[in-house]
Amino acid sequence: MARLRLSLVFPFLLLVPVPVLAQYGPYDYGFDVGSHVKRQFSSRRVVVQTESDDGEIHVRQEIRQLEKDPELWTLYILALSMMQFTDQDVPTSCLVPDMAPALYGSQVLRNLAQYIASLWPEPDRKRFERAARRFRIPYWDWAASPPSAGSVFPASIGALPFVDVTGPNGRQRIANPLYSYSFRPLNKTAFSRAPWNYWTNTLRYPTSSAPDAQSNNSQAAINFDRNRPSIAQRLYALLSNYDDYNKFSNNAWRPQSPNASYDSLESLHDTVHSLSGGIIQGRSPGGHMSYIPFSAFDPIFFLHHAMVDRIFAIWQTLYPDSWVKPTPAREPTYTHKAGQIQNASTPLTPFFANDNGTFWTSDGVRDHTIFGYTYAELVKQRPITSRNAQQAYQARVKAAVNRLYGTNSPATLFMNELRAQGFKEVGVVDGQINDKLFASTLGGRIFDGDHYHEWTINIRVGKMALGGPFSIHFFLGDPPADPDSWTISPKHVGTMGVFGHADKEDAPRIRRRNLDADFSEEDGITISGTVPLTAALVKEVIKGELASLAPQHVESYLATRLQKRVLAPGGKVFTVECVRGLKISVVSSVVRAPYSEDELPEWKPGANMHMEMC
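The opening residue of the sequence shown carries number 236 in the numbering used here; numbering runs sequentially from there.
There could be a bad hint or two in this list.
Said to hold, decoys possible - PhoX-like cross-link-like pairs, simulated, lysine-lysine; straight-line CA separation at most 20 Å: (1) K774 x K726; (2) K560 x K572; (3) K778 x K726; (4) K807 x K818.
To be verified - Quick list of simulated restraints, FRET-style, between CB atoms: (5) G574 x A655: 43 to 51 Å; (6) G684 x T795: 23 to 31 Å; (7) R565 x N591: 26 to 34 Å.
If you are wondering where the hints come from, they were derived from the structure by calculation, not from laboratory data.
Ideal Cβ positions, reconstructed from N, Cα and C, are used throughout, including at glycine.
Using the sequences plus the hints, can you model the full thing?
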């Protein structure tokens with residue numbers, strides 16, 4: 236079976252970039268598998284199917300959990316490898332220019348997994364065919380605490396460029412299909428400029444802009460580990476405070492956007508793209524995942540997007556009545572004009588629902604289980620036929636959200652304090668908690684009864700203001716001079732990544748600006764996002780550097796300590812100056828802490844602005 240026994244050695248492998256010392260190839264099945272794949276999957280139209288072969292709804296697993304299932308992990312590695320080594324003109328390959336968006340994902344990999352399972356000789360064939368029927372692509376949870384002594388960045392993705400796998404033709408060492416994708420061949424005209432038009436494989440945190448650049452997955456792991464608390468706080472706030480689809484789903488800033496809802500799933504998604512490909516630095520422009528037109532080639536792309544799909548499915552369970560509202564399209568696509576009204580019945584091109592050329596719509600995919608998959612947190616133990624059953628189901632999902640993503644929140648500190656004092660469930664009289672509950676000095680400095688202040692940095696800026704992807708970093712104190720050291724600094728609070736095009740050739744509708752020019756909201760769409768401050772401030776309270784989370788203490792503290800840095804393409808750094816179009820403010824919200832794990836924090840309406848940095 237495919238194994239990556241790297242849990243113990245991965246931290247050492249991450250100390251330096253791992254060069255690809257040898258060219259590893261695909262799995263050798265003992266015959267020309269390419270011609271078979273061409274015959275098997277010759278249709279240019281890939282229909283996204285709605286039913287599983289066995290009629291069951293199977294669970295998409297987190298990638299580290301999938302590794303523990305030998306048959307599924309073997310099928311996943313072999314299917315992903317076959318997809319990558321298929322001729323680029325075949326619809327099931329990683330590169331079909333006119334059909335690419337529809338071909339990346341679960342349907343292609345599932346079809347390949349079923350085909351590969353049929354190649355095993357008996358008696359193993361039946362075992363792998365059974366596994367193939369329950370095969371679903373995995374997701375990568377970049378927000379939850381990783382397994383003990385591990386990194387948020389899984390070893391299977393970034394430790395080694397090869398993997399040992401036991402397939403239908405025995406045990407072999409092949410190219411690790413999660414490590415990189417190699418273009419076969421590289422079409423230089425498909426990429427706008429250097430270095431992408433001479434990099435023959437996808438890279439993360441490239442060591443240089445030279446043709447022989449290598450991935451530096453160690454830097455990716457460090458940056459994710461340092462940013463994970465901030466990412467988890469953002470996700471926790473999104474799932475507990477954003478009950479409107481339009482606000483939750485996309486990062487478009489509008490003049491009427493309230494201070495309490497600057498974030499979105501899209502903005503969080505963009506930050507993970509930036510952290511995956513590489514925060515742009517002077518020696519390198521960043522890896523493929525940092526750029527919109529190149530990102531889907533990196534094998535990590537669909538692990539990331541499966542996670543985004545999972546978050547959306549969890550959110551739908553918590554807020555089932557909020558859905559797509561008619562909204563003008565922000566940007567044109569190949570099938571829609573900018574400003575065209577889109578609603579829940581707008582075709583989701585290029586995803587076909589059947590062989591007749593009908594496309595899926597948002598209404599058609601509102602229930603993700605029609606595709607035959609779900610997630611562990613959303614498995615229904617029995618059909619939901621009453622309001623009480625629905626509430627019990629939602630309570631179970633809320634408990635999972637608290638366990639996975641609430642660990643850096645005062646809400647968890649509150650519940651831990653309840654348990655420490657022997658309260659399983661605490662009754663509240665007239666909305667007031669017993670004064671004796673938080674008699675401790677620390678509790679009184681963080682909580683006012685059962686309430687606390689959630690502190691957030693709100694950011695808005697033109698998406699293409701700097702002519703390419705960039706990142707905005709925040710610190711409690713002076714940051715290091717070298718941008719390479721920013722995320723490992725103990726003063727680093729969090730990062731907002733702006734996911735964009737490489738240059739004007741990739742975004743012809745947006746005028747490119749000189750890097751010495753200011754930000755401008757005229758340079759495309761204005762987007763918004765957040766960087767949470769609360770967890771960092773709680774640490775300062777614990778250390779005795781901050782008196783409490785109350786505004787009268789936090790305002791003066793932040794006025795002297797909170798700093799920002801903007802890292803632009805080419806390594807240019809914006810420091811204290813407020814450049815035009817970039818707006819940064821600090822707001823606080825009053826939040827009621829939950830009394831049990833099956834509740835989420837309750838955010839009071841509105842947010843108070845306390846300071847503006849730009």
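Taking the hints in turn, this is what the structure says about them:
Restraint check: the Cα-Cα separation between K774 and K726 comes to about 11 Å, which is no more than 20 Å; the hinted pair holds. At most 20 Å may separate the alpha-carbon atoms for a hinted pair to count; K560 and K572 meet this at roughly 18 Å. Taking the CA atoms of K778 and K726, the gap is near 14 Å; set against the 20 Å cutoff, the hint holds. A distance of roughly 19 Å separates the Cα atoms of K807 and K818; the hinted pair therefore holds under the 20 Å criterion.
As the Cβ distance of G574 to A655 is approximately 56 Å, the hint placing it in 43 to 51 Å is violated. A hinted range of 23 to 31 Å holds for the C-beta pair G684 and T795, which are about 29 Å apart. Look at R565 against N591: about 30 Å separates their beta carbons, and that is inside 26 to 34 Å.
Hint compliance for this structure: hint 5 alone is broken.
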